[in-house]
Amino acid sequence: MAELNLGTYATNTWCPGCGNFAILNAIKSVIGELNSEGLPLKNIVLVSGIGCNSKIVDYLNINSFYSIHGRALPVAEAIKISKPETKVIVFSGDGDAYGEGIEHLIFAAKRNIDITAIIHNNRVYGLTTGQYTPTSPLGFKGRSTPEGTKEGPINPLELMLASKASFLARGTSHGLEALKRIFKEAILHKGFSLVDVLQVCVTYYNMYEYYDKRVYNLENHNPQDYNQALNKIREWDYNADSPIALGVFYKKELPSFEQGFTHDKIDPIINERKIKEFLKASI
Amino acid sequence: MNDFSIVIGGKAGFGIDKSGNIIGRILNNLDLRIYIYRDYPSLIRGGHTFSVIRVSEKLISAHQDQIDFLLALNQDTFNFHKSRLQDNSVVIYDSDTVKIEGLNPSIKAEGIPVAKIIKEESATEIMRNTCIIGAFVKAAGVSWDLLVEIFNKEFTQDTELNLRIARRGFDQAQESIRIEPKSQIKLPLLSGNQAVALGLIKAGLSTYISYPMTPTSPILHFLAEVGHEFSLKVIHPESEIGVILMALGFAYAGEKTAVGTSGGGFCLMTEGISLAGMAELPVVVVVGQRPGPSTGLPTYSAQTDLNFVLSAGHGEFARFVVAPGDAEEAYFWSAQALNFSWKYQTPAFVLTDKNLGESTFNFDLDSVGEIKEEEILAWDGVLPYKRYLDTKDGVSPLVSVADKDAVVKVNSYEHDESGITTEDAFITTKMQDKRLRKTKFMIEDLVGFETVKVYGDKESSTAILCWGSNKGVCIELAQELGLKVIQPVVLCPFGVQHFEMAMAGVDKLINIENNASAQLGKMVENLGYEIAADILKYDGRPFTVEELRGKLKKVL
Chain A
40 MAELNLGTYA TNTWCPGCGN FAILNAIKSV IGELNSEGLP LKNIVLVSGI
90 GCNSKIVDYL NINSFYSIHG RALPVAEAIK ISKPETKVIV FSGDGDAYGE
140 GIEHLIFAAK RNIDITAIIH NNRVYGLTTG QYTPTSPLGF KGRSTPEGTK
190 EGPINPLELM LASKASFLAR GTSHGLEALK RIFKEAILHK GFSLVDVLQV
240 CVTYYNMYEY YDKRVYNLEN HNPQDYNQAL NKIREWDYNA DSPIALGVFY
290 KKELPSFEQG FTHDKIDPII NERKIKEFLK ASI
Chain B
4 MNDFSIVIGG KAGFGIDKSG NIIGRILNNL DLRIYIYRDY PSLIRGGHTF
54 SVIRVSEKLI SAHQDQIDFL LALNQDTFNF HKSRLQDNSV VIYDSDTVKI
104 EGLNPSIKAE GIPVAKIIKE ESATEIMRNT CIIGAFVKAA GVSWDLLVEI
154 FNKEFTQDTE LNLRIARRGF DQAQESIRIE PKSQIKLPLL SGNQAVALGL
204 IKAGLSTYIS YPMTPTSPIL HFLAEVGHEF SLKVIHPESE IGVILMALGF
254 AYAGEKTAVG TSGGGFCLMT EGISLAGMAE LPVVVVVGQR PGPSTGLPTY
304 SAQTDLNFVL SAGHGEFARF VVAPGDAEEA YFWSAQALNF SWKYQTPAFV
354 LTDKNLGEST FNFDLDSVGE IKEEEILAWD GVLPYKRYLD TKDGVSPLVS
404 VADKDAVVKV NSYEHDESGI TTEDAFITTK MQDKRLRKTK FMIEDLVGFE
454 TVKVYGDKES STAILCWGSN KGVCIELAQE LGLKVIQPVV LCPFGVQHFE
504 MAMAGVDKLI NIENNASAQL GKMVENLGYE IAADILKYDG RPFTVEELRG
554 KLKKVL
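In order, the protein sequences belong to chains A and B. Under our numbering, the residue at position 103 of the first sequence is numbered 142, and the numbers go up by one with no gaps. Under our numbering, the residue at position 56 of the second sequence is numbered 59, and the numbers go up by one with no gaps.
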């Protein structure tokens with residue numbers, strides 16, 4: 040199979056060694072695979088927020104909506120409702136999805152709308168040059184908290200499980216093959232899927248070594264089992280030292296939000312007639 | 004000439020609103036013209052709620068202080084409104100709960116033992132209205148058969164019981180004032196909000212998104228209810244931020260989309276409005292004004308957000324802003340707003356207020372101008388597709404995502420013609436020029452529309468300047484006092500040329516607004532016109548005819 044050229048002429052501005060490259064390479068490969076399996080490229084839509092992560096849409100010659108900070112998800116939901124035949128993939132960061140736009144994330148999960156959110160979770164604000172995020176550990180020294188944060192992190196996967204997301208997984212930017220597998224499974228999952236990628240920011244929070252020492256792949260785990268998923272998700276709270284599981288924590292087939300909306304073509308003549316009927320009935 | 008006003012009042016939860024509509028509908032079927040003003044507090048049960056139903060032989064869209072019928076379901080209604088009664092007015096009241104004291108003997112008091120009747124008929128509390136309506140119909144000399152006809156349309160359950168109770172009220176009362184029928188074409192009754200909704204549908208609306216907020220929630224409720232009839236998607240998301248961002252996602256997917264909100268919700272939307280400007284995504288935003296700042300008076304009315312809507316969203320971009328003044332204008336201009344929004348790929352705003360949105364008007368579709376579907380510039384199929392192709396008028400050929408074999412990239416960052424982010428100085432200037440250039444062509448387009456309306460005595464050298472829902476009361480008084488009325492309807496881009504034509508022969512301009520800082524007046528002054536006097540009212544209530552007459556006479 041000839042390799043698809045999915046790149047653009049945009050200059051890549053990520054730092055050398057940035058964890059975002061792994062996500063870009065993984066998604067390119069997955070898009071190529073999905074396309075070779077029959078998914079037309081025109082039916083793939085990428086939506087991003089703002090942050091280093093979100094630049095990814097400039098680097099892919101695929102439909103994209105480069106939204107504003109925290110606001111990728113409502114855009115993605117609308118596209119899916121309007122065009123259920125599309126695969127809608129959101130790229131968002133921890134500041135973007137778990138901070139500024141957390142209400143949208145919770146509601147997208149609650150609705151179980153069939154879109155995929157890939158969260159580039161580097162646990163630091165990169166583009167604004169190094170402040171703490173909702174997943175930075177307690178005591179994190181950033182430029183807005185030089186003496187260390189006085190608030191601990193949230194566990195985003197636990198929050199998402201409580202919010203009724205039906206597919207939850209974690210990967211790292213040091214595991215390209217695993218990322219490809221997880222991304223593909225997430226995109227093909229019918230319902231709201233979220234992949235929390237421990238994507239390392241080499242400039243402001245280089246955690247490669249820390250993660251490499253602690254990560255392990257989930258085995259003998261039943262992702263259909265809510266309690267098992269919850270236990271494994273709680274094993275690491277994004278703060279204290281503990282083993283960090285990678286893979287699919289939770290996966291359940293449930294009704295998704297985009298079903299049940301009309302896709303009838305608006306017929307101006309019929310609607311005008313109905314307006315007149317309504318007016319007549321309002322005398 | 005027939006011109007009567009009826010006040011029906013009680014506690015919230017009494018069904019006052021529905022009763023006002025039923026009375027309006029009965030009188031409308033005497034071939035008379037109706038205007039209903041609704042006044043209610045921001046609570047679910049209790050408080051004081053009332054409707055003023057005005058009925059006249061000619062079209063009206065204002066209410067009066069003086070009333071002819073007071074229908075009192077509780078003591079507050081009598082106490083609060085008795086000063087509005089005049090010689091020969093009639094009070095119809097529930098004699099089991101309301102005490103009538105100190106009433107001028109020239110006013111007729113008609114006590115109906117409503118509580119007793121309800122008990123005897125084993126009916127529910129809310130049916131007390133029905134009993135009062137029955138008594139009113141008799142007192143106003145309206146036929147029983149007409150009441151039956153309207154009840155059969157209005158009630159889907161318990162119609163027989165309601166009719167029985169109404170009949171008891173009817174039989175207890177005596178005819179006092181005869182509201183004479185007239186023979187002219189019957190016109191439907193619509194709220195301003197319904198007119199906005201129907202106008203949007205007329206222009207091809209496919210999606211409506213809104214977070215509940217007075218005074219535009221009724222648009223959401225109405226469209227949610229009739230949505231399947233018109234093949235609409237109607238969504239109530241997590242917040243106004245979710246609303247506007249979803250709307251832009253729908254626009255990207257090719258869905259003609261509108262959203263509705265009020266000041267506070269619109270504040271939350273502004274980052275999305277700015278995104279719509281940069282990403283060149285069409286959306287109609289209905290902003291129903293109410294008194295602020297902040298929560299203010301949630302269920303009352305104001306014209307305080309003109310400046311806000313004209314400048315909402317950071318950065319500079321083309322926009323279309325229209326402020327309709329009655330149901331026909333609400334219908335016509337909501338449709339045009341959707342059309343312009345798509346033609347120029349930029350946000351459009353329909354600025355209403357509580358008085359326009361929640362009042363009831365006669366609606367004459369035949370008097371609404373022709374609404375032509377605007378052509379949307381299509382793509383010629385030459386690859387690669389450029390979402391932001393620079394063109395003479397700044398409008399790029401539009402392809403909606405996933406519709407064609409084209410890569411469609413939209414972007415909140417400054418971007419090149421393909422939608423790829425840029426920080427290049429030359430491209431930045433070029434793209435900013437491209438987006439702003441649309442305004443010039445929109446202005447040319449608008450020359451063919453009545454963007455500034457003129458009413459009253461067109462030869463008068465004294466003119467009233469007004470906008471939005473003040474239109475009705477201003478026209479009525481201008482006709483009476485021999486004044487000209489100038490009503491700018493399109494507020495951005497402002498019809499400077501049309502305004503100049505409207506001002507020909509005017510040497511005294513009196514500005515009337517429901518705000519404290521004369522927002523339109525200042526705008527007009529900035530164009531070089533002089534305002535002789537401002538009449539400003541900002542207590543949340545609309546001008547009554549008498550109130551504005553008094554204020555006008557002081558400055559004439």
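Derived from the structure by calculation, the hints contain no laboratory data. No experiment lies behind these values; they were computed from the predicted model shown. Note that CB positions come from ideal geometry on N, CA and C, so glycine has one too. The reader is advised that the hints may include incorrect statements.
Under 10 Å between C-beta atoms, here's a sample of chain B residues computed to sit facing chain A [what the hints assert, rightly or not]:
hint, residue
1, Pro221
2, Leu401
3, Val457
DSSO-like cross-link-like pairs, simulated, lysine-lysine; straight-line CA separation at most 30 Å [claimed, not checked]:
hint, chain 1, residue 1, chain 2, residue 2
4, A, Lys315, B, Lys389
5, B, Lys407, A, Lys126
6, A, Lys315, B, Lys21
7, B, Lys433, A, Lys313
8, A, Lys304, B, Lys189
9, A, Lys67, B, Lys407
10, A, Lys81, B, Lys456
11, B, Lys21, A, Lys313
12, A, Lys315, B, Lys122
13, A, Lys219, B, Lys407
14, A, Lys319, B, Lys122
15, A, Lys319, B, Lys433
16, B, Lys407, A, Lys319
17, B, Lys407, A, Lys315
18, B, Lys21, A, Lys81
19, A, Lys81, B, Lys61
20, B, Lys395, A, Lys313
21, A, Lys313, B, Lys85
22, B, Lys433, A, Lys315
23, A, Lys81, B, Lys156
Footprint (simulated), chain A over chain B, 3 or more residues, beta carbon under 8 Å [as the list claims (entries may be wrong)]:
hint, stretch
24, 389 to 398
25, 531 to 545
query = Which numbered conditions among the earlier hints are violated in the structure presented, ordered from lowest to highest?
reply = 1, 2, 3, 4, 7, 8, 10, 12, 14, 15, 16, 17, 18, 19, 20, 21, 22, 23, 24, 25
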